[in-house]
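Letter by letter, the chains look like this.
There are 2 protein chains.
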Amino acid sequence: MNIYPELLSVIIEYFKKLPGIGERTAERYALSLINLNEDELEDFSSSISSIKKTLRKCSICGHLTDSDVCKICSDPDKKKNLICVVEDYKSVFMFEKMGNFDGVYHVLGGLISPIDGINPDDINIASLVKRCKENKDTELIIALKPTVEGDTTTLYIKKILENTNTKITRLSYGIPMGAEIDYLDVLTLERALFDRKEVS
Amino acid sequence: MNIYPELLSVIIEYFKKLPGIGERTAERYALSLINLNEDELEDFSSSISSIKKTLRKCSICGHLTDSDVCKICSDPDKKKNLICVVEDYKSVFMFEKMGNFDGVYHVLGGLISPIDGINPDDINIASLVKRCKENKDTELIIALKPTVEGDTTTLYIKKILENTNTKITRLSYGIPMGAEIDYLDVLTLERALFDRKEVS
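Keeping their order, the protein sequence lines are chains A and B. Numbered according to the working numbering, the first sequence terminates at residue 200, and the numbering increases by one at each position without gaps. Numbered according to the working numbering, the second sequence terminates at residue 1200, and the numbering increases by one at each position without gaps.
The following block holds chain A by itself, in its conformation from the complex (with noise of 0.2 Å):
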């Protein structure tokens, strides 16, 4: 027999759909949402079920808004000739966080995986390559993981843009900050020798 009533076991369900959430958080917050107002609950509820018709994709760059064209790509401060090349947008937020960075953006929304049949025509790159075009002196920082489909998409995109006169970089590869040299994997180990960079 469930112990829950009909609707706790649904919202508990729900929570378990979440990141991380096992059994017992998700019991934990559906609990706890009971103690919200009936205001709180509504607002709460219309958010969530507003979420596939208020969100969607800027025109320009593919990153998430509430609008046609998203805050970054509408910010004057922005740079709209440096372009970092991300996977999704959850780099995108990442980026921001840091919030010293005053270019713009383009989510690709994937990387190119031929062993999962994900080609270029299944990610944002043609309207990459367009805004290449039109916009003369562009810089590209490719700020995609270090991994085969990485590396893949940035070949890719190296090669569709080499007759253009734009410069691509990607950020650089090495030793994170404050990580113990011990405890390293060799793979960065390697990558973080090879790009060794002279002491100024």
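Certain hints may be false.
[To be verified] Under 7 Å between C-beta atoms, here's a sample of chain A residues computed to sit facing chain B: (1) L7; (2) S9; (3) V10; (4) L18; (5) L41; (6) I48; (7) E96.
[As the list claims (entries may be wrong)] In silico SDA-like cross-links for lysine to any residue, where the CA-CA straight-line distance does not exceed 25 Å: (8) K53/A to I1003/B; (9) K145/A to R191/A; (10) K1078/B to A1192/B; (11) K80/A to E13/A; (12) K53/A to E1038/B; (13) K17/A to P1176/B; (14) K1158/B to I1123/B; (15) K17/A to K1016/B; (16) K97/A to R170/A; (17) K1053/B to N163/A; (18) K79/A to I1003/B; (19) K78/A to A1192/B; (20) K1071/B to E13/A; (21) K159/A to V199/A; (22) K1078/B to E6/A; (23) K52/A to N1081/B; (24) K17/A to K57/A; (25) K16/A to N1081/B; (26) K1097/B to G1110/B; (27) K52/A to S74/A; (28) K1080/B to R191/A; (29) K16/A to A1026/B; (30) K1097/B to A1179/B; (31) K1053/B to E40/A; (32) K1071/B to G1099/B; (33) K145/A to R196/A; (34) K1158/B to I1034/B; (35) K136/A to Y156/A; (36) K17/A to R1024/B; (37) K57/A to E1013/B; (38) K158/A to I123/A; (39) K136/A to S59/A; (40) K1097/B to T25/A.
The set of hints was computed from the structure by calculation and includes no laboratory data. Even glycine gets a Cβ: it sits at the ideal position worked out from N, Cα and C.
Got chain A; can you put chain B on it based on the hints?
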């Protein structure tokens, strides 16, 4: 500048109202909601908005229910003259998870605490007395936390029922002092139930 679309900020604030959720976890949950499909979001949303409309107190024991009488009070296998007295409905869920208690419950909805201005009339005691008087040979098992408020409430119940033939027991002190009933492990709870002592 807020880096999130307004709707996401609202949702993040609500997640932060749930127990133990900080800024970063709230952001993670809010962003992962976007991955649910429209039907799921609608269902989750409407479940949350109907919490106050659907859930109420059982007219017999005060436990959380979606009908007039809760599942437990209407269960024919539960002994109606064995009543476990608890502070809130979370304790009931805890006992029901343990699974081998064959009595019913009485949810006080608080503990007597003169210092906080909570008197016997402010919690669900009158209906407990009524239940005891209606049922001959009732045993009350007091399952309140071992604090001043818990003990005060226990003694008050003992005193107000002293001229009835109600047997009053309490959970044994296997319960670690200061712990919340809701977060006990099931074995400790089971042991405490088995070792219950008559209030002298």
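Hint by hint, which ones does the structure fall short of?
-> 2, 11, 13, 17, 19, 21, 23, 25, 28 and 34
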